[in-house]
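**Q** One letter stands for each residue in the lines below.
There are 2 protein chains.
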Amino acid sequence: MSNVNRQFRLAARPVGRVKASDFTFHEEPVPTPGPNQALVRNTYLSLDPTNRVWMSELDGYLPPVAIGEVMRGITLGEVVASNRSDFAVGDKVTGLLGWQDYAVIGEKGLPTKLAPVPLPDATLLGVLGGTGLTAYFGLLEIGKPKAGETVVVSAAAGAVGSIVGQLAKIHGCRVVGLAGTREKCELLVNELGFDVAINYKDADWKKQLRAACPKGIDIDFENVGGEILDAIVPMLNLRARIVLCGLISTYNADKPVPGPNLGPVLVKRARIEGFIILDYVPRFAEGAMQLAKWVMEGKLKHRDTIVEGLENAPSALNMLFDGKNVGKLLVKIA
Amino acid sequence: MSNVNRQFRLAARPVGRVKASDFTFHEEPVPTPGPNQALVRNTYLSLDPTNRVWMSELDGYLPPVAIGEVMRGITLGEVVASNRSDFAVGDKVTGLLGWQDYAVIGEKGLPTKLAPVPLPDATLLGVLGGTGLTAYFGLLEIGKPKAGETVVVSAAAGAVGSIVGQLAKIHGCRVVGLAGTREKCELLVNELGFDVAINYKDADWKKQLRAACPKGIDIDFENVGGEILDAIVPMLNLRARIVLCGLISTYNADKPVPGPNLGPVLVKRARIEGFIILDYVPRFAEGAMQLAKWVMEGKLKHRDTIVEGLENAPSALNMLFDGKNVGKLLVKIA
Numbered sequence: 028m029s030n031v032n033r034q035f036r037l038a039a040r041p042v043g044r045v046k047a048s049d050f051t052f053h054e055e056p057v058p059t060p061g062p063n064q065a066l067v068r069n070t071y072l073s074l075d076p077t078n079r080v081w082m083s084e085l086d087g088y089l090p091p092v093a094i095g096e097v098m099r100g101i102t103l104g105e106v107v108a109s110n111r112s113d114f115a116v117g118d119k120v121t122g123l124l125g126w127q128d129y130a131v132i133g134e135k136g137l138p139t140k141l142a143p144v145p146l147p148d149a150t151l152l153g154v155l156g157g158t159g160l161t162a163y164f165g166l167l168e169i170g171k172p173k174a175g176e177t178v179v180v181s182a183a184a185g186a187v188g189s190i191v192g193q194l195a196k197i198h199g200c201r202v203v204g205l206a207g208t209r210e211k212c213e214l215l216v217n218e219l220g221f222d223v224a225i226n227y228k229d230a231d232w233k234k235q236l237r238a239a240c241p242k243g244i245d246i247d248f249e250n251v252g253g254e255i256l257d258a259i260v261p262m263l264n265l266r267a268r269i270v271l272c273g274l275i276s277t278y279n280a281d282k283p284v285p286g287p288n289l290g291p292v293l294v295k296r297a298r299i300e301g302f303i304i305l306d307y308v309p310r311f312a313e314g315a316m317q318l319a320k321w322v323m324e325g326k327l328k329h330r331d332t333i334v335e336g337l338e339n340a341p342s343a344l345n346m347l348f349d350g351k352n353v354g355k356l357l358v359k360i361a
Numbered sequence: 028m029s030n031v032n033r034q035f036r037l038a039a040r041p042v043g044r045v046k047a048s049d050f051t052f053h054e055e056p057v058p059t060p061g062p063n064q065a066l067v068r069n070t071y072l073s074l075d076p077t078n079r080v081w082m083s084e085l086d087g088y089l090p091p092v093a094i095g096e097v098m099r100g101i102t103l104g105e106v107v108a109s110n111r112s113d114f115a116v117g118d119k120v121t122g123l124l125g126w127q128d129y130a131v132i133g134e135k136g137l138p139t140k141l142a143p144v145p146l147p148d149a150t151l152l153g154v155l156g157g158t159g160l161t162a163y164f165g166l167l168e169i170g171k172p173k174a175g176e177t178v179v180v181s182a183a184a185g186a187v188g189s190i191v192g193q194l195a196k197i198h199g200c201r202v203v204g205l206a207g208t209r210e211k212c213e214l215l216v217n218e219l220g221f222d223v224a225i226n227y228k229d230a231d232w233k234k235q236l237r238a239a240c241p242k243g244i245d246i247d248f249e250n251v252g253g254e255i256l257d258a259i260v261p262m263l264n265l266r267a268r269i270v271l272c273g274l275i276s277t278y279n280a281d282k283p284v285p286g287p288n289l290g291p292v293l294v295k296r297a298r299i300e301g302f303i304i305l306d307y308v309p310r311f312a313e314g315a316m317q318l319a320k321w322v323m324e325g326k327l328k329h330r331d332t333i334v335e336g337l338e339n340a341p342s343a344l345n346m347l348f349d350g351k352n353v354g355k356l357l358v359k360i361a
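Line order of the protein sequences matches chains A and B.
Under the working numbering, the first residue of the first sequence is numbered 28, with each subsequent residue one higher.
Under the working numbering, the first residue of the second sequence is numbered 28, with each subsequent residue one higher.
No lab work stands behind these hints: they were computed from the structure.
This list has only true hints and no planted wrong ones.
Derived pair list, reagent style DSSO-like, types lysine-lysine, alpha-carbon separation capped at 30 Å: (1) Lys-326/A - Lys-351/A; (2) Lys-119/B - Lys-320/B; (3) Lys-171/B - Lys-173/A; (4) Lys-282/A - Lys-282/B; (5) Lys-242/A - Lys-282/B; (6) Lys-171/A - Lys-171/B; (7) Lys-135/A - Lys-242/B; (8) Lys-242/A - Lys-196/A; (9) Lys-242/B - Lys-282/A; (10) Lys-282/B - Lys-234/A; (11) Lys-328/A - Lys-196/A; (12) Lys-328/B - Lys-351/B.
Using the sequences and the hints, build the whole thing.
**A** Structure, rendered in structure tokens:
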């Protein structure tokens with residue numbers, strides 16, 4: 028066990044893309060847990076589009092990360108020392124433990140202890156973690172898919188989108204994914220079972236989208252916003268649902284980006300509903316067990332993009348905005 | 028009884044504002060009802076923002092009015108001849124009987140017979156008709172107001188908005204209305220019981236709106252869209268509801284108008300839901316009885332703007348877009 032705790036702290040609110048200078052790299056002694064505290068060693072850090080929002084001054088569903096504070100992030104870790112009765116050395120946990128090697132727990136926001144499921148750490152943090160749970164509760168609780176409906180997923184080769192599409196297939200839907208490279212599209216159709224995947228960088232992608240949805244769109248699981256959402260809204264069916272999970276195309280903008288024309292939402296009595304996974308914390312165990320079952324049955328596949336080394340976290344975050352990752356983007360810390 | 032049936036037929040799809048030349052004025056003999064038909068003499072014509080949408084080529088919740096077809100409109104009328112057992116001479120009816128003196132019924136879309144409520148015809152067509160029912164079902168079924176919540180209503184001095192605000196007060200909400208003149212704002216507060224009314228033509232109306240909603244916005248009953256909706260969305264509370272009833276600011280536009288930035292909808296898990304009153308036809312009697320009760324108890328007031336003469340219908344329609352009417356805009360046909 029190293030005696031140094033490496034940390035990235037927020038140095039500046041980014042303008043546009045995240046830069047290395049928006050963080051300070053900090054080294055301090057590994058902290059010693061006090062009474063009723065435990066020490067967790069982080070092994071994997073999850074990188075998610077919402078991290079970019081946390082760096083801004085927007086007071087969203089969580090407050091902004093303060094300047095000088097350890098950068099907020101979801102990690103998977105292992106308890107390495109404990110003065111608590113509810114956490115034992117060796118327990119695997121996940122929670123908002125930050126961009127750092129070690130975190131002391133016991134003060135606020137206790138992490139969740141992971142059930143002993145025989146799956147790799149990356150799977151535990153991805154499919155069974157916030158990513159898979161976002162797909163699970165967002166699609167099932169907000170989207171409410173019915174067999175035979177057409178589901179469109181944007182950022183379909185991303186961590187959440189790739190799970191959403193497979194869950195929609197499990198529920199008997201026609202699934203159309205939008206992704207940004209031909210390789211991603213091939214993965215979606217050939218390996219993950221999407222009915223159609225469209226490269227939104229093709230000049231005629233809107234035409235392809237219309238052709239792929241001959242009966243219109245019943246559910247849009249929206250991770251992107253912007254031009255993609257603009258193209259989807261006019262294709263909505265009567266009582267269509269837009270699960271508003273993310274708007275990654277807008278997170279680097281320096282002023283509010285307009286949304287889609289709402290005429291079709293009115294006329295089709297459609298619904299746009301915002302969704303944040305934290306509302307479902309009390310049901311995480313239920314969701315994770317169901318997802319684990321599907322993973323072990325081979326019905327739910329996943330891809331991970333793993334970046335080695337905490338020191339690469341700042342540059343890795345931009346991979347999400349450049350479409351460089353496939354599936355879950357993780358940093359292997361230790 | 029005149030022997031001439033005056034009609035306005037659609038001559039052209041309007042570009043921007045409606046012009047007289049978008050209609051042809053047509054006179055024909057009063058039709059004679061055939062077997063199983065009845066003849067209705069229209070007395071009042073309801074003018075509604077949605078009429079402008081029906082004139083466009085948009086295939087919305089109803090198909091476009093065909094060029095050459097009698098202009099579609101909701102009227103109040105009286106049966107003057109009948110070969111049907113379910114409609115007797117003297118029955119008051121309301122339905123899509125068009126911009127004309129007389130309509131033959133019995134082929135499709137039978138009108139609704141009005142219950143014998145002791146209220147004036149204009150009240151029957153306005154508050155107890157599509158307008159009041161739109162306010163009633165839109166606010167109660169989509170908005171689901173709870174006592175103590177803050178409700179914002181745009182086009183608040185209009186036919187629907189003025190009823191929505193009063194219904195929200197009946198349900199114990201704080202009600203803030205947006206209207207376009209000082210006189211309308213005074214009416215809303217002094218006569219209709221709104222807590223605050225803001226003239227959106229004031230330079231500082233956005234600041235006034237923020238001051239009027241110190242606890243944020245729980246329900247937005249949206250009739251306008253555009254800049255007004257853009258200002259409302261950033262003020263939405265957790266799980267706020269936008270009842271998307273109309274987008275009058277966009278109906279004269281020649282291309283789709285962008286919607287609001289959806290970031291706050293995501294972060295606040297808010298919901299934007301389109302609403303069309305026709306979905307509630309099976310419950311019209313229920314809604315009309317409740318509205319009639321409140322009117323007769325003096326809890327629900329209404330204003331009407333009545334234009335005399337069918338010949339003035341085309342120019343009167345623009346009053347809706349110019350904010351020239353207060354409350355329900357009606358044309359007195361006979």
